[in-house]
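Here the protein sequences line up with chains A and B, keeping their order.
By our numbering, the letter at position 114 of the first sequence is numbered 114, and the numbering carries on one by one without gaps.
By our numbering, the letter at position 44 of the second sequence is numbered 44, and the numbering carries on one by one without gaps.
Accuracy of the hints is not assured; some may be wrong.
[Unchecked claim] If you want the footprint, here are the derived chain B segments under chain A, 3+ residues with CB under 8 Å:
# : stretch
1 : 3 to 11
2 : 22 to 30
3 : 33 to 44
4 : 55 to 62
[To be verified] Derived pair list, reagent style PhoX-like, types lysine-lysine, alpha-carbon separation capped at 20 Å:
#  : chain 1 : residue 1 : chain 2 : residue 2
5  : B       : K58       : A       : K237
6  : B       : K76       : B       : K58
7  : A       : K582      : A       : K477
8  : B       : K76       : B       : K66
9  : B       : K76       : B       : K56
10 : A       : K237      : B       : K56
Hints are computed from structural coordinates only; laboratory data are not their basis.
Since we're looking at a predicted model, the values are computed, not measured.
Where is the CB? At the ideal position from N, CA and C, for every residue including glycine.
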Amino acid sequence: MINRLWWLPAPQDFRGSLNAAKQAERPAEALRALANTDLDLGQILALDRAIQRLTPEQGAALPTLKLAMLGSSTLDHLLPGLRVSAMRHGFLVDVYVPDYGQYLREVLDPASGLHQFQPDVLLLAMDATHLVGSDLAAEPEAALDKIVSRLTGIWNTARDAWGAQVIQQAVLPSFPALMGSNEYRLAGSPNDLVAQLNARLRAAAAEHQTDILAVDTQAGWDGLLAWHDPALWHRAKQDVSPAAAHHYGELVLRLISARQGRSGKCLVLDLDNTLWGGVIGDDGLSGIVLGQGSTQGEAFVAFQKYARNLSERGIILAVCSKNDEANALEPFERHPDMVLNRGHIASFVANWQDKATNLRRIADELNIGLDSLVFVDDNPFERNIIRRELPMVRVPELPEDPALYAHCVAQSGYFESVAITGEDRARTSLYQVRRASEAARAEATDLDGYLKSLNMVMEWQYFDAIGQQRITQLVNKTNQFNLTTRRYTDAEIGAVIADPAKIGLQVRLRDDYGDHGIIAILIGDLQPEGTLAIETWLMSCRVLGRGVEQACFQVMADEARAAGATAISGRYIPTAKNGMVKDHYPKLGFALAQEAADGTADWLIDLGSVPEQPLFMQIVKGG
Amino acid sequence: MTEQEIYEKLTEIARDIFDEDDLVLTPETTADDVEEWDSMNHINLVVTVESVFGVKFKGAEIEELKNIGDLVEAIKHHLEGR
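Please work from the sequences and hints to get the whole structure.
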């Protein structure tokens, strides 16, 4: 059975990255980045060796943690997953594992290796056979009492002697049932004893400040066989399968990070296609998908409820969206199916700046570290620029289906907590009061470097019959990045194709994430006096901030020259939705020709004075 | 999947597990030829193969694997059975 950390992105060229990391100037950082990917077992072993070979100087940047692991069966196979997970969480671990079966002696004997080791964390990992036995128990209650009292004794020693964090692994329910659903009616059934023991361990742990490692619950999600392989138990006394070693290590390290206050504190949410389906700026309040009546609408409601519940248990919520602020706020104020309201959001940032800059601003406003942010966005472009620019921000690899968003955030463990205080519950309102009003720092994001790495190809062609339907659709539904919001019938688009004085461009974009389809439409109209008037220019907001505007303009300028034009004019007609493109033409180097009282502005540029703009994509002509 | 593709994937896995960047696998390669191929890494190899190829071996099959050629045959057998 496959057991993967599916909320992490897949590694790109693992062996190449690993070799580069070993040679890197700061190898610990490079190895940590690699540990933040979804690796198979072989890759875990290779990465673990590289981590263990770090020199003390190279590892000095990371705190070292002393972890002792006591168990009743084979544990060595779990150590690589533990060390790699520790690296992902920003620790190095020094592990102590006595021979299995020796754990009681190690705890009781003050001269033992364990006492000399003085662990910071004690992890108790016992298997079901050892604790409850594989036979029907004659006196199940007494047996359970005895086990719990033995284990709590060990917990107390660890806390008193070393002040260690104690982690008790729940018992993997590996015994088959003898009766079935009503197994609990068979006194002494090994299967039922494990279930009872796990319940009793939880109750005892609450009293003793011990943290439970819930592999039983996790096995419920992933399937028992993803965690326990009966063949490997028989062959090598491995209770947790090596296939689950990485996941096991991750669950352990979450508990350690949580105890040290390193868990995420703030959930930063994108809006369009993250909190609702569709694009609010284009689809409008009645067009977005949210609420009862559709699978997707229900899924977005469920995700909002999950976020709201997180907020009620002390997680701060923030919004980071590429939108006009007024558009972004509208559903929060007016949509009847919104679960989240403006009051849930401690920091609300909606603008057209890059998201790395905006996340810095959110962290600033809330006065928390960037490493406290968990950024949830459906768009892989935005996720990857944050991973690249702000590697300390946690960015779950959201699945495409919104039905799985909440599970993805939950399974990522980024908000792992070991205790709830009254203060946690009050935290969101606290942060809203404390919000700093200082202007955001304008730190430079290395957007250019990121854009170059995407291998973008912009392919343009003239309007044609094949694209006609899609073009008509786009010109009639695009509201935000649309300079004139001029609508066309299918016949009118057909007329553009036929008219030699008109230049209709359809532009596609593809990159490492795939083909984005048609993302821009431009229509130019050649005037008799030699000016090409752009009567329509619209783009998909999803590809904003990549230099597509500049590239489109370059194509249009070349086409205008070829048609004999000497200048290009462009018009901006303001609407309730298109405020974002108010400065579109001046950004491209156009000068204002005239402006009407209603805000309609005409812009002009001489083709001899088009400024050189750096482009981060290859432009090809298709068709 | 062709036999060559199986060998390519398997080589990548074996290089990770056995820590040898230029390890070359032949049908005759056995645990004796690879320094890091001990009993624990034998299980690691099998488990990684299972997850990467999406197959599941029987306990007895694992016992019977004598060399890389046997392992490739077992992978082929399971892939064909799907």
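Query raised in the report: Failing hints, ascending?
Result: Violated hints (numbers, rising): 1, 2; every other hint is consistent with the structure.
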